[in-house]
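Q: Chain by chain, the residues run as shown.
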Amino acid sequence: MKKDNFEYLASVLEKADTGPVIEEKEWDYQYIGAKVKDLIKKYDISWDADTYVPSDDDLADRLYQAGWELALESGVYCRNTKKQMLWTQDELQKVIDSGPSELVVGTGDDEAVLRQRRPEQPSRVTILGGAYGTLIEEELFGAMVEAYAKEPLIDIVEPPSIPTAFGRTIRIQSPWEVMAARRESDLALAAIARAGRPGMCVGAAATSGSEIIELAATSYNAYRQTDWHHTSFISENKVSYADLTRAAHFYMTGSVAHTFCDPIYGGFLGGKEGVAIGCVAGPILLRATLLGDTVNAGPSHAHLSCDTHPDLLAAQALSFQAISRNTKLLKGIHIRPAHGPGTKEILYEVAAMALMGVSSGVDYLKSVQAACGVNMGHTSPVEARLCARVAHASEALGREEANDLVTQLVNKYQELIPTADTGKHFRDSYNLETLEPAPAWQGTYEEVIEELKELGLNL
Amino acid sequence: MNEPKVQTDEFLNILDKAENGPMVDINDWDQTYIYQTIKDLINKYDLKIDIQDPGVPSDDDMADRVFQAAMDLAVQSGVYCTDTQRQMIFTREELEKVLARVPEEVQIGEGSEKRVIKKRMVDQEGHVTIGGGFWGVVVPEDLLLPMTMAYAQIEENDFLCTGALRTTYGRPIRAFSPWDTLACWQEMRTTFEAVERAGRPGMTVSGPNTSASAIGTVTTVTHGCVRPSDYGSVAFMSELKVSYDDLIRACHYVQTNSFAHNFYNPIYGGYAGGAEGVAVAHVAGFILMKATLFGEAFNAGPSHAHMSTNTFPPLIPAQSLAHQALSRNTNITCANFTRPNAGPGEKDLLYEIAAYQLATVTAGVEIATGVQTATGRHEAHCSPLEVRFLIRAARAAEKMTRAEADPIVKKLIALYKDGQKENKIGKRFDEVYDLESLEPTPEWQSVVDEVVDELEDLGLKI
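From first to last, the protein sequence lines are chains E and U. Heads up, the first sequence is in the numbering used here, so the first residue is -12 and it goes up one at a time. Heads up, the second sequence is in the numbering used here, so the first residue is 6 and it goes up one at a time.
No lab work stands behind these hints, which were simulated from the structure alone. Just to be clear, a hint being listed does not mean it is correct.
[As the list claims (entries may be wrong)] Reference excerpt, derived from the structure (chain U facing chain E, CB under 10 Å, subset only):
{"id": "1", "residue": "81"}
{"id": "2", "residue": "191"}
{"id": "3", "residue": "224"}
[Unchecked claim] If we take Cβ atoms under 8 Å as the criterion, some of the chain E residues that face chain U in the derived model are:
{"id": "4", "residue": "153"}
{"id": "5", "residue": "169"}
{"id": "6", "residue": "202"}
[Claimed, not checked] Quick look at which bits of chain E chain U covers, simulated, 3 or more residues with Cβ under 8 Å:
{"id": "7", "region": "204 to 213"}
{"id": "8", "region": "234 to 243"}
We put the CB at the ideal spot given by N, CA and C, even for glycine.
Build the full structure now, drawing on both the sequences and the hints.
A: Written out as structure tokens, the structure reads:
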């Protein structure tokens, strides 16, 4: 990708070095907490608690204005320099407008295209499937990636993380990060080749570390510019030098840059209305700060971690509608259910999120960080398969129809979230030789497909 | 390179040493493992360098004893990892195995810019590869492009080492920050543009030099920037220490199967001691860098504790002896590293360069690199004309023996040694070069012509 506005990149880094000095506590309480509270009032951001997929365009537009004002007036906080990074109205508008509305990732026959969608627009969504950084034992990493890549409905694969590289602990900011970067990319690229999709776009790098791991992974004999390279904010709207370095590296190498933030429900943003504003301001600022080609906000419940909590559904739906109606940013939904593989509830959660996101205008779905991604090996391709099927079936649905279906699904899982069953490890939910789901898990999946059909979804 | 630089298991074994070796306090390392061990080895192997009348030693037995002392140092002390405070220990068998598989030739560059660097021996006539450039001298942004073009236009310059930027896009560069990425990319993009404009688009380059952290290397040795066939850099710290940052660089070169040169600057007047100690540390450093960092080419640019230069008179025989030891006992591809005290426009600069080339090329080095003019510490105080002069001196030295070089080197040292105390840093590039024609000013050219005549009177025709 041609990325050559180096003066803009330098100006962003300059903001991180020369903006006003602010204490982090002041940032959290004043620039986020108090500001968001004011914006909720000013723009009258509220909705019926029983609605999960609102259809109020005016509310969506007011939400966008609130998110824009938060982005413009608070900006971003750089944790390394304790500086506030501020943009003018013109700067912010220009950089938002400069983002792609269509993006080709991967290579050759395995290319995938992401295209901008609007709420209720009957056009194809792109499916990302994978474990989203959930840890998996090093020896199972390749098999897991291959199992996802074999799923024909998955357009882009997102690998799990490895806790070790060649059996050794990965010490942060050490040469072990470089070893881990290469180990992960070697295993991932071999896995997609075995699946017959060597040009498939891969989320890179999934293993956590400092900026070193992403820099080392985006190089010769490793991940390619056409892969899906990550950099992010820290909640709320904070950035580190490490993330700015990642962003600069992806920009300079002309790599696809995916940027994300995780606004916290029950944190400094407050409740669902505040999270909705955070989910709009975050993507705007991700584009401005980290020059993301794609953006997403995957809010997190302060205690439960999942983003399928009923209060978070409408907040996300409105934020997608707001961004979709007012920008051409390529935005997606990140699906982080509370339940794990092998349970019916994970499939209900995934289906609800897919229905809500697609009808609200997301361009792509990130599926699925099962059991909130915090249980080693507790993720499987079946839930991503279900997500893809529901998503494509939802492409022609209106928000009101989607809301009816989501309401029924939420009723099936919401009470169980606090005690969610984290399900089974990949080795127990899949046959590691055939890389197909175990009969029990396949049976559960088929049962839920039938239930969804009975609810009226055209699968 | 088609073959992997090193097998994964062997490289993991090295990283394991940095994690699991014995804990050693850094003061203990400096004073016992380096200073005391080197002192004992100098006595054990009866190493003596004449620093009263320094020149080019021709004592093969002494060179071999320096090598033995260095092997002992490498086995007894090994390498110190500063991040983990661990001693990385190598057995003699491990090191001998590493040395045994060093090839007799290495290759840099691609296409018409490909260079095969073949082993040379002491006193052996043979072509020396030239690596001319700034070698990290800091330059303002507006001078980087024309200066680089001027270095690239030197036909006999086989590869080009970049300068370091003072600012990037007009902003200061903060180490260990995203500025490292922006600045190093700017440095390398400008360098590639310069070599293209100079008509040598595939020219091998050595960089980046702007970053103080590993980020600079890791961010630029990648798609669309530094190529695996370029001349990468990763180093030890003095004495025989390695940091995680350098292991990160080495690891990235290994993983991308990129050519890398390893360097190390023993300190004269530091824990290595005097001339003999520097010679031992120099040789041990090459052996241990090959075992730890897996480079393909090596240089040591010993540094005077106060003046930084490596043309300080006692360092001339010390480096010559070290290169003789390596040339006679290993296939390691050795580069000299020219770091004179004087700067552009000064005659002394040329005397220093000539003395250094004669002492090291006759000692068997395969690569002549430089010039880190005026010890590399003064902004833009370097010019391509001294590289042109270096090439002429190195070409003359290629046809000489140590014994032939010795009297000339002694005369040259006599010409510059007193001036070293005066720090004649000379002039900036834009004061000694015409920025439009990218040719030296008549004044600077005439100084060179004068020195060429003086050298002829001394018996050296270049």
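Q: Does each hint fit the structure? Answer for all of them.
A: Cross-check of the supplied hints:
1. 81: Violated - the Cβ of residue 81/U stays beyond 10 Å from chain E, reaching only about 25 Å at its closest.
2. 191: Since chain E brings a Cβ to about 7 Å from residue 191/U, closer than 10 Å, the hint holds.
3. 224: 5 Å, holds
4. 153: 6 Å, holds
5. 169: 4 Å, holds
6. 202: It holds, given that the least Cβ distance between residue 202/E and chain U is near 4 Å, below 8 Å.
7. 204 to 213: holds (count 7)
8. 234 to 243: holds (count 7)
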